[in-house]
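K.L.:
As a plain string of letters, each chain reads:
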Amino acid sequence: MNNRILEVEDLSVEFSTYGGDVKAVRGVSFAVTRGETMAIVGESGCGKSVTVQAIMGIIPMPPGRITSGSAKLDGNELLGLSPKEANEFRGIQIGMIFQDPMTSLNPTMTIGDQIAETLVVHRHKTYAEASRQAIDLLEKTHIPEAAKRVTQYPFEFSGGMLQRAMIAQSLACNPSILIADEPTTALDVTIQGQILELMDELQRTENMSIILITHDLAVVARMADEVAVMYAGQIVESGSVEDIFYESSHPYTLGLKSAMPSNIGDRDKKLTPIIGSPPDLFSPPHGCGYFARCPYAMRMCEDMQPTNFSVQRTEDHHARCWLQHEAAPAVAEVSQSNQDKDNAG
Amino acid sequence: MLVRTEQLRKYFTLGHGQTLHAVDGVSLQISENEILGLVGESGSGKSTFGKALIGLHERTSGEAFYNDELLPARFSAEDHLNYSRDLQMIFQDPYSSLNPRMTILEIVGEGLRIQGKHSTADIKEQVADWLDKVGLNADHMSRYPHEFSGGQRQRIGIARAMIIGPKFVVCDEPISALDVSVQAQVINLLEELKQSMGLTLLFIAHDLSMVRYVSDRMAVMYLGTVIETGPTNEVFFDPKHPYTQLLIESNPEPDPRLEKTRDHIPIKGEITSPVNMGAGCRFADRCPKVMDECKTVTPETISLTDSHSVSCHLYQ
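The listed protein sequences derive, respectively, from chains A and B. Using this note's numbering, read the first sequence as starting at 1 and increasing by one per residue. Using this note's numbering, read the second sequence as starting at 1001 and increasing by one per residue.
The reader is advised that the hints may include incorrect statements.
As the list claims (entries may be wrong) - Heads up, simulated EDC-like pairs for lysine to aspartate or glutamate below, C-alpha to C-alpha not over 16 Å straight-line: (1) B:Lys1051 - B:Asp1079; (2) A:Lys257 - B:Asp1255; (3) B:Lys1268 - B:Glu1249; (4) B:Lys1167 - B:Glu1191; (5) B:Lys1260 - A:Asp136; (6) B:Lys1124 - B:Asp1139; (7) A:Lys140 - A:Glu85; (8) A:Lys72 - A:Glu88; (9) A:Lys257 - A:Glu206; (10) A:Lys257 - A:Glu43; (11) B:Lys1260 - A:Glu85; (12) B:Lys1133 - B:Glu1192; (13) B:Lys1260 - A:Glu242; (14) B:Lys1260 - A:Glu36; (15) A:Lys148 - A:Asp113; (16) A:Lys72 - A:Asp10; (17) B:Lys1051 - B:Asp1093; (18) A:Lys72 - A:Glu85; (19) B:Lys1260 - B:Glu1249; (20) B:Lys1133 - B:Glu1191; (21) B:Lys1260 - A:Glu201; (22) B:Lys1260 - A:Glu197; (23) A:Lys270 - B:Asp1216; (24) B:Lys1167 - B:Glu1069; (25) B:Lys1268 - A:Glu197; (26) B:Lys1167 - B:Asp1093; (27) B:Lys1167 - B:Glu1192; (28) A:Lys125 - A:Asp113; (29) B:Lys1051 - B:Asp1086; (30) B:Lys1051 - B:Glu1063; (31) A:Lys140 - A:Glu206; (32) B:Lys1194 - B:Asp1086; (33) A:Lys270 - B:Glu1191; (34) A:Lys257 - A:Asp280; (35) B:Lys1260 - A:Glu226; (36) B:Lys1124 - B:Glu1147; (37) A:Lys257 - B:Glu1063; (38) A:Lys125 - A:Asp136; (39) A:Lys270 - B:Glu1192.
Simulated from the structure, these hints should not be mistaken for lab results. Quick caveat: nothing in here was measured; it's all calculated off a predicted structure.
Can you make the complete structure from the sequences, with help from the hints?
P.N.:
Here it is in structure tokens:
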């Protein structure tokens, strides 16, 4: 059996707008290992949500367009399926939960009916059977008094309980992958802890793979086995969670890390923001997308797209940065020479 | 003390004989040039407290003092005009807090215009100056809010509050809508302004790690009451109230080795709604160390040291 449950190769997605085409995802490749959690990290607009929406087949087309790439689930191609074919895996083999549970659930249907609907549509259960199973699913996600709660509407649930209900719904057909798009961003830190714990537990009991999309490095540290860091529509660094945190090799990853507050250590240490803003994806830069904000930028970075170098130390660690080229100067030298230039200029 | 409250209360009447105790007897002091971090979950009443403090909500009871002067419970139009010179607010949502039909010049310059002491040219000059200070291009002042990103809008909100030259600013979750790299920019900006203008800030947030970075002292709120206050590092590394302990424990650290080896014991249950509250500790139903008296007797505030106090029966 292949160890990789999902393999994404060179995925590109564009959106047509009045202002031109937005190149939201530009050649993204990654793989998810069975039973593990892969985190996709990045800031708003970096293309992390569009990437998983493309895999899930929920990008509205038009205006969206998948211009290249493939995504294979257990060897079966997911991209370019007809809506009918897509329904064979969507919601069955891949479940998805969203950032804002309040707007993702139907406000005019009871929680129980929404969960049951999944089973009626995909598993051809009778309504009565499906409703009974909805109670079991809510219990699995530790919603107290599940039998009473299934008859309630989303507005009667708190944010944390809604997220549990949405997880219950996504688990209805025993998916092999759960895609969680910023599942805890809208929640308080105490409730975030509960939801992450629940995801951990379900991963163990159901043997699920998880794709976790987040901007929060602390959540990544807690949950992920593997990490992909996205910037301006590309994966700029990927590797095991240890590689990304302790052997960070792309200047953007380093930048994110030094902008994050820590709970331990010296609090007088200043946070270092990343100056500037991400590039315009209507006309992405020819060279490295991070060039304009990078403290280590070299002349070649402006014009030449960096290759996805494999970082020396470990096999699966990659960084899309010219500094990884064998002829590149060490990071310290570049930063020194850039400082000299700034002082001179 | 620049700002002080005594048993400040703000209730909302819901109808059907129900009352929501949003802020229920909060006494806090903030000294000059200090940043007080106010943390708590959503629904704990921290934003309502901030608004009631500077007259954006009418107080139900209790007192609020600015420079030892008692602030009116309900601000008249004239009070707003007078006090807004010294008391300002930065709002949480940079999208809904800027009027989409006003230009940046109008938004940032409005406070000066209302004061009526500045010429149009003078206002324009000061707006340009402030846009520059918060890191925005002064040439953009004729643009509208929708032309800016979230981080830029938040800076417009900061410029609007600061242009008046306030002494005390309530920052209501000023960074929670922003990306990580931008959060650090805004935090550093606030820190700089605090130094250069001698500002005093009430920094309301639910992100504990950020509060640790900015605040000198912190206060923890739960269901309308302050349950612990103290110097930031003391509360952070030696929390006394069981709620503070759980809150700090559930805050993840961006370090995988640490995160994957420590025990995760999530706090059970959820914050209830503060409708028709009775006596007893408000955290009793979720507290792992709950005792019988917690359910019936409201705990008093106990000073553990000069600066660190806690409201919990464990320390009576």
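K.L.:
All hints are to be evaluated individually against the structure, with a verdict given for each.
P.N.:
Results of checking the hints against the structure:
As the CA atoms of B:Lys1051 and B:Asp1079 are separated by approximately 15 Å, the hinted pair is consistent with the 16 Å bound. Using a Cα cut-off of 16 Å, the hinted pair A:Lys257 and B:Asp1255 holds, with the two alpha carbons roughly 10 Å apart. As the CA atoms of B:Lys1268 and B:Glu1249 are separated by approximately 13 Å, the hinted pair is consistent with the 16 Å bound. At most 16 Å may separate the alpha-carbon atoms for a hinted pair to count; B:Lys1167 and B:Glu1191 meet this at roughly 14 Å.
Restraint check for B:Lys1260 and A:Asp136: the C-alpha separation of about 30 Å exceeds 16 Å, so the hint is violated. Taking the CA atoms of B:Lys1124 and B:Asp1139, the gap is near 11 Å; set against the 16 Å cutoff, the hint holds. About 30 Å separates the Cα atoms of A:Lys140 and A:Glu85, which puts this hinted pair outside 16 Å; it is violated. Of the supplied pair hints, the one linking A:Lys72 and A:Glu88 holds, its CA atoms being roughly 14 Å apart against a limit of 16 Å.
For the hint linking A:Lys257 to A:Glu206, the alpha-carbon distance of about 33 Å lies beyond 16 Å, and the restraint is violated. Under the criterion of a C-alpha separation no larger than 16 Å, the hint pairing A:Lys257 with A:Glu43 is consistent with the structure, at around 13 Å. A threshold of 16 Å between alpha carbons decides the hint, and for B:Lys1260 with A:Glu85 the separation of about 39 Å lies outside it, so the pair is violated. Restraint check: the Cα-Cα separation between B:Lys1133 and B:Glu1192 comes to about 10 Å, which is no more than 16 Å; the hinted pair holds.
A hinted pair counts as satisfied when its Cα atoms are at most 16 Å apart, and B:Lys1260 with A:Glu242 qualifies at roughly 11 Å. Proposed proximity of B:Lys1260 and A:Glu36 is supported: the alpha carbons are some 14 Å apart, at most 16 Å. Restraint check for A:Lys148 and A:Asp113: the C-alpha separation of about 13 Å stays at or below 16 Å, so the hint holds. A C-alpha spacing of about 12 Å is found between A:Lys72 and A:Asp10, which places the hinted pair at or below 16 Å, so the restraint holds.
Annotation: proposed proximity of B:Lys1051 to B:Asp1093 holds, straight-line Cα distance about 15 Å (limit 16 Å). With a C-alpha separation of about 14 Å, the suggested pairing of A:Lys72 with A:Glu85 holds against the 16 Å cut-off. Restraint check for B:Lys1260 and B:Glu1249: satisfied, since their Cα atoms lie roughly 14 Å apart, inside the 16 Å limit. With a CA separation close to 13 Å, the supplied pair B:Lys1133 and B:Glu1191 stays within the 16 Å bound.
A C-alpha spacing of about 14 Å is found between B:Lys1260 and A:Glu201, which places the hinted pair at or below 16 Å, so the restraint holds. Between the alpha carbons of B:Lys1260 and A:Glu197 the distance comes to roughly 12 Å, so the proposed pair stays at or under 16 Å and holds. For the proposed pair A:Lys270 and B:Asp1216, the alpha carbon gap of about 15 Å is at most 16 Å, so the pair holds. Under the criterion of a C-alpha separation no larger than 16 Å, the hint pairing B:Lys1167 with B:Glu1069 is consistent with the structure, at around 14 Å.
Of the pairs offered as hints, the one joining B:Lys1268 and A:Glu197 holds, with about 12 Å between alpha carbons and a cut-off of 16 Å not exceeded. At roughly 22 Å between alpha-carbon atoms, B:Lys1167 and B:Asp1093 are farther apart than 16 Å, so this suggested pair is violated. About 15 Å separates the Cα atoms of B:Lys1167 and B:Glu1192, which keeps this hinted pair within 16 Å; it holds. At roughly 13 Å between alpha-carbon atoms, A:Lys125 and A:Asp113 fall within 16 Å of each other, so this suggested pair holds.
Distance restraint check for B:Lys1051 and B:Asp1086: the Cα-Cα separation of roughly 14 Å lies within the 16 Å cut-off, and the hinted pair is therefore satisfied. For the suggested pair B:Lys1051 and B:Glu1063, the alpha carbons sit about 14 Å apart, so the restraint of at most 16 Å is met. For the suggested pair A:Lys140 and A:Glu206, the alpha carbons sit about 11 Å apart, so the restraint of at most 16 Å is met. Among the hinted pairs, B:Lys1194 with B:Asp1086 is consistent with the structure: their alpha-carbon atoms are about 14 Å apart, no more than 16 Å.
A distance of roughly 10 Å separates the Cα atoms of A:Lys270 and B:Glu1191; the hinted pair therefore holds under the 16 Å criterion. Note on A:Lys257 and A:Asp280: the hinted pairing is violated, with a Cα-Cα distance of about 23 Å set against a maximum of 16 Å. Between B:Lys1260 and A:Glu226 the CA atoms are separated by roughly 13 Å; this keeps the pair inside 16 Å, and the hint holds. In summary, the hint linking B:Lys1124 to B:Glu1147 is not supported, as the alpha carbons are separated by about 20 Å, beyond the 16 Å threshold.
Simply put, A:Lys257 and B:Glu1063 have alpha-carbon atoms about 43 Å apart, too far for the 16 Å limit, and the pair is violated. With a C-alpha separation of about 15 Å, the suggested pairing of A:Lys125 with A:Asp136 holds against the 16 Å cut-off. Under the criterion of a C-alpha separation no larger than 16 Å, the hint pairing A:Lys270 with B:Glu1192 is consistent with the structure, at around 11 Å.
Violated hints for the displayed structure, listed by number in ascending order: 5, 7, 9, 11, 26, 34, 36, 37.
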